[in-house]
Every structure is written in structure tokens, then in C-alpha cells.
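Could you build the full structure based on these sequences and the hints that come with them?
The numbers in my numbering rise by one with no breaks, and the one at position 264 of the sequence shown is 264.
Honestly, the hints are just simulated from the structure, not real lab data.
Careful, some of the hints might be misleading.
[To be verified] Derived DSBU-like pairs (lysine-lysine); straight-line CA-CA distance at most 35 Å:
1) Lys270 <-> Lys87
2) Lys270 <-> Lys204
3) Lys385 <-> Lys143
4) Lys308 <-> Lys161
5) Lys87 <-> Lys35
6) Lys337 <-> Lys270
7) Lys143 <-> Lys337
8) Lys339 <-> Lys361
[To be verified] Listed next, with one range per pair, are the computed distances between beta-carbon atoms:
9) Arg320 <-> Ser351: 49 to 59 Å
10) Arg214 <-> Trp384: 45 to 55 Å
11) Tyr190 <-> Tyr254: 12 to 22 Å
12) Arg209 <-> Leu79: 45 to 55 Å
13) Leu199 <-> Arg320: 36 to 46 Å
14) Tyr190 <-> Asp36: 16 to 26 Å
15) Asn391 <-> Gly37: 52 to 62 Å
16) Ser4 <-> Pro250: 35 to 45 Å
17) Leu218 <-> Ser240: 18 to 28 Å
18) Ser13 <-> Gln195: 43 to 53 Å
19) Gln388 <-> Asp157: 19 to 29 Å
20) Gln195 <-> Asp11: 43 to 53 Å
C-beta atoms are modelled at their ideal positions from N, C-alpha and C, and glycine is treated no differently.
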Amino acid sequence: MDISSYFEPIDISKIGYKRGNFVPRLGDLVTSYNKDGGRFPVVNERCVVLVGVTDGRGSSTNLNCANAADMIRRYLYQLAGIEEGVKVLDLGNLVQGATIEDSRQALTEVAMELLRQNCIVVALGGGQDYTWALYRAYAQLGKVMNISAIDPRFDIDEERKLDSRNWLRYVIMEQPNYLFNYTNIGYQTYFVGQQYVDLMDELKFDAYRLGWVRENMLRSEPLLRNADCVSIDVGAIRQSDAPANTDPSPHGFYGEEMCQLARFAGMSDKTSSIGFFDFSPMHDSSGQTAHLLAHALWYFIEGVGKRKQDNPYKDTENYRKVIVPLEEHGVEVVFYKSKKSDRWWVEVPCSTEANGESKRKLLVPCLYDDYEQALGNKIPDIWWKFYQRVNS
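What follows is the structure in C-alpha cells.
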């Protein structure tokens, strides 16, 4: 499928990038579709592919998202090159559709083609409603998937036209449904209300408060390792670090923490799409937010270069299997530790087919802390959550 017609080329002069520095910069290594004679890139397997989104009509608050991708590029291209052998393509900006639905459909069709070629899709700009467009790409490919959202809210507002505050409702309600699990990382209770926290629990989704995550950032690594799609709301970053959001909060992740989250997502062998949404350039007078998002994207790309191709389902030889009997509970909890990365998984028995993987077991990313919890004769929280989900 030829996707070039969906894009308009980048204006290199507009983002202020010039080649010729003695130190290799990321912009020197990116193959881009630009107005200075750059042809539309040939897409190959396992490339990181940047897709600019210029239509912000689906953002409930950040309507001025049109220049978001170019503002991020302005800083991204100036950063140091990444010596990890990662090929990065920049396809330019999606041509804005006659309606917001047309623009979302364009991203869906582009993402479908890129996912078919085993590429990693990076959506830059637009509202978080474009997470729906990414989800639809997986659904139309018939792939059951997981979404991890770094977001101060659950975006499950009342029924109305699809926008950045209710996209998750649309994902949940679609039939047939291809969402296996949704994980919220960093919600803030005063923005969501207890009724929505209870709803997440009823739906057997995972939601983790900002304070719990920030207490130990490593807790977020398995949550992102299990994600096919990662959706980032700029509003999840505290206002002092990322002011360019029309509904910012004085609380949120620090810039360094957001970069750490992005790196975890990049290192995940499973993650095949990520979006940086709800960035409003008109509120970014000093370029601070664009600069921070460029750093986060840089760390994501670096993380991709450090992937270990961990797959406990297929490559059992490179894993150490540990069985922990929980005598008080009458069960055995099975863990796998990768010899390549020292990362952990826990085996959850399934009575029905789950996540399109196996009718007998589901391997869920976890931490060494979960193993220690089992050694203390306690059922690990993550094991119990997934056991309920796949056996209910």
C-alpha cells in the first residue's frame, strides 16, 4: 500500500535545522520527507517512524495542536545522534482531512501499513483522541492489544462526540473488541473521582496513582513492557516542566521522570506505537515543552536500540524458571527471569484463551519485588489481578 499521498513534506527551514556540525546529530541520521528534495522514505522492517499530526479538532482543550510536530522536530533534530543502530524515518505531517474523522482514519490506515511492516509508529501532535485511531489500526489487523496511558485522567467522560477526554469509552464500547488490557500510569485522584477508580476496578483494568509510581519509578517498567500502544498526555507532566497544555496541573511527573517512562516504553519488545498528545505550541512561548518532549522522544528511540528481543513464549533456553509454592494458598507461582536482561515475568494460568497467546498460561511482565512477595508466602498483586481477568 502506498501511503505517501497521506503526507505533506517537512519544511526544513521552518524547523531551523542545518546540517554540517562536526558532532553527528539526530537530524543527520533521520531519513525525512522534506521540501528540500527529500523523497518519500522507503519503509523497512523495524524502523522507528515519525508521523506528524496537525489536526487538533478532537482535543477538548488544546485546539491549537497544528504546529506541535514541527515544534518538537525543531529540538529533536538538534540532539545528539544515537549510536544504537536504530533507523529513524520521518514521513512528514499527515494532510488534514475535511473532518476530524477523516484525519483519524488517515492515521489508522498509515499505522496499519507500518505495523504490517513491523515498524514502530510515533505519532506527534494532535489530541489524545488519536489513541483511538491507533487502537483501530490494531483492531483492523485483528490483533488483541494492550494500551498503557500516561495520563492524569482516565479519559472515559460521558457519552458525546469522540474527543481527547472520552476516547477510552469509545475503545471499551467497540464491538468486536480487541482491547485486552488498559493501564493508567499516574492518575491524580482529584481529577477522576472515586466512582471512576471503582469503574476501573470493575473493568479489571490497572490504574496506578501518581504518588505510587513516583515513589519507585521502576514500578512502571513492567507496565510499559506489557503495552502494544503507549499514549502520553502532556498534561501528565507538571506545569512547571511542561506549561504548554491548556489544562495543566501543578502536580505530575517531572521532566526527567517522563523521559524515564519513555525509555522504558522504547525498551519494551512489545511496544509498536507511541503517541505524544495534547501539546499546545501557542502556550509554549519559550519552547520549554517542545524541548522536553524532544528529549522524551530521544530517550524512547534510545530505548528501542536497547531492546533484547525477550520472548519467554518462544525462547525458553534464555530464561531461568523459578517455582514458588504458596502452601497457605494451595498454589504454585511460576516466575521466569531473562538471562539476557535480568527482567522478570510471572506465569498466570488461564481457563480460556487470553490475549491470543495461550489457553494454558499467560506470561505477565513483573518485577523482582513480585518474586520476593511470593517468597514471603503472599500472592503477588499482579498475579492476582491477571488471574481474575483471564479466569472470570
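Does the Cβ-Cβ separation between Tyr190 and Asp36 fall within 16 to 26 Å? violated, 48 Å
Check whether the Cα positions of Lys308 and Lys161 lie no farther apart than 35 Å. violated, 41 Å
Given pair status - Lys270, Lys337, alpha carbons within 35 Å: holds, 17 Å
35 Å Cα cutoff - pair Lys87, Lys35: holds, 21 Å
For Lys143 and Lys337, compute the direct alpha-carbon distance and say whether it is at most 35 Å. holds, 27 Å
Given the hinted pair Lys385 and Lys143, is their alpha-carbon gap at most 35 Å? holds, 22 Å
Could you tell me whether the CB distance from Ser13 to Gln195 stays inside 43 to 53 Å? Holds - the Cβ-Cβ distance for Ser13 and Gln195, about 51 Å, lies within 43 to 53 Å.
Regarding Arg320 and Ser351, is the given constraint of 49 to 59 Å on their beta-carbon distance met? Violated, at about 27 Å.
Indicate whether the distance between the beta carbons of Gln388 and Asp157 respects the range 19 to 29 Å. holds, 26 Å
Starting from the range 12 to 22 Å, see whether the pair Tyr190 and Tyr254 falls in it by beta-carbon distance. holds, 19 Å
Could you say whether the range 43 to 53 Å given as a hint is met by the Cβ separation of Gln195 and Asp11? With Cβ atoms ~47 Å apart, the hint holds.
With respect to the beta-carbon atoms only, verify the hint that Asn391 and Gly37 lie 52 to 62 Å apart. Roughly 58 Å apart at Cβ, these two residues keep to the hinted range, so it holds.
Hint compliance for this structure: hints 4, 9, 10, 12, 14 are broken, all remaining hints hold.
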